[in-house]
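J.: All chains, please: the whole structure from these sequences, using the hints.
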Amino acid sequence: NAGVTQTPKFQVLKTGQSMTLQCAQDMNHEYMSWYRQDPGMGLRLIHYSVGAGITDQGEVPNGYNVSRSTTEDFPLRLLSAAPSQTSVYFCASSRDPGAVSEKLFFGSGTQLSVL
Amino acid sequence: AQKITQTQPGMFVQEKEAVTLDCTYDTSDQSYGLFWYKQPSSGEMIFLIYQGSYDEQNATEGRYSLNFQKARKSANLVISASQLGDSAMYFCASPGGATNKLIFGTGTLLAVQP
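Protein sequence lines correspond, in order, to chains A and B.
Heads up, the final residue of the first sequence is numbered 998 in this note's numbering, and it's a clean run with no missing numbers.
Heads up, the final residue of the second sequence is numbered 860 in this note's numbering, and it's a clean run with no missing numbers.
In short, the hints are calculated from the structure, not lab data.
Computed from a prediction, not measured in an experiment: that's the story for all the values here.
Any given hint might turn out to be false.
[As the list claims (entries may be wrong)] Straight-line distance between alpha carbons at most 25 Å, and here's what the computed DSS-like set of lysine-lysine pairs gives: (1) Lys762(B) - Lys986(A); (2) Lys816(B) - Lys749(B); (3) Lys819(B) - Lys986(A); (4) Lys749(B) - Lys986(A); (5) Lys749(B) - Lys819(B); (6) Lys986(A) - Lys892(A).
[What the hints assert, rightly or not] Sample of chain A residues with no beta-carbon within 10 Å of chain B, all distances over it, derived: (7) Thr888; (8) Pro891; (9) Val971; (10) Ser991.
Beta carbons: idealized from backbone N, C-alpha and C, even for Gly.
T.: The following block contains the structure:
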């Protein structure tokens, strides 16, 4: 049981380049989400999805796109990378999007640097 | 919760002593939950403990316990008998809104000294 798998683990981009961070989970979780972690700011929600075909914006969505074509996959796209998007990115999932007691399962994170 | 506040950016504790990490929250929800996660230097996010707003007893998980004071809107994490491996960043979090969108505090960096 792999849990939540994120790739790549590290990535360096030039300003203006595009890329996709991959996230897959094998737990049949309905809820998936992307966070970014910056020093002194904790984890901030970028986008989330409560099921296949449904996505919504979090606290810091600008510059990022997502889609959820399957239950398993939730890729995060940076269309035109900016230095302000240098951060550590986490994908996380949970079984029931509506239950306050559902803990999130996290991927191992992607360290992204935009030069 | 609409906001999670962790006022201690960093803390030191001696090995084998207990330490309390503070967390306060702001919510208008009747039903909510409080989570604590640990992030060691390796970077992964590890779930530690959960407390529901209607739980009558404070949650405990091994050496971790949650000092939940609903009237004060605080959910402090207590680590007993600290170990060197407890050195990590600790985050308090709570769902915000109708879906399980966890809102995180800014974290507390704990250093356990031998």
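J.: Does each hint fit the structure? Answer for all of them.
T.: Now the hints, each set against the structure:
{"no.": "1", "hint": "Lys762(B) - Lys986(A)", "result": "violated (29 Å)"}
{"no.": "2", "hint": "Lys816(B) - Lys749(B)", "result": "holds (15 Å)"}
{"no.": "3", "hint": "Lys819(B) - Lys986(A)", "result": "holds (20 Å)"}
{"no.": "4", "hint": "Lys749(B) - Lys986(A)", "result": "holds (18 Å)"}
{"no.": "5", "hint": "Lys749(B) - Lys819(B)", "result": "holds (11 Å)"}
{"no.": "6", "hint": "Lys986(A) - Lys892(A)", "result": "holds (23 Å)"}
{"no.": "7", "hint": "Thr888", "result": "holds (13 Å)"}
{"no.": "8", "hint": "Pro891", "result": "holds (14 Å)"}
{"no.": "9", "hint": "Val971", "result": "violated (7 Å)"}
{"no.": "10", "hint": "Ser991", "result": "violated (6 Å)"}
Hints 1, 9, 10 from the list above are not met by this structure, while the remaining hints are.
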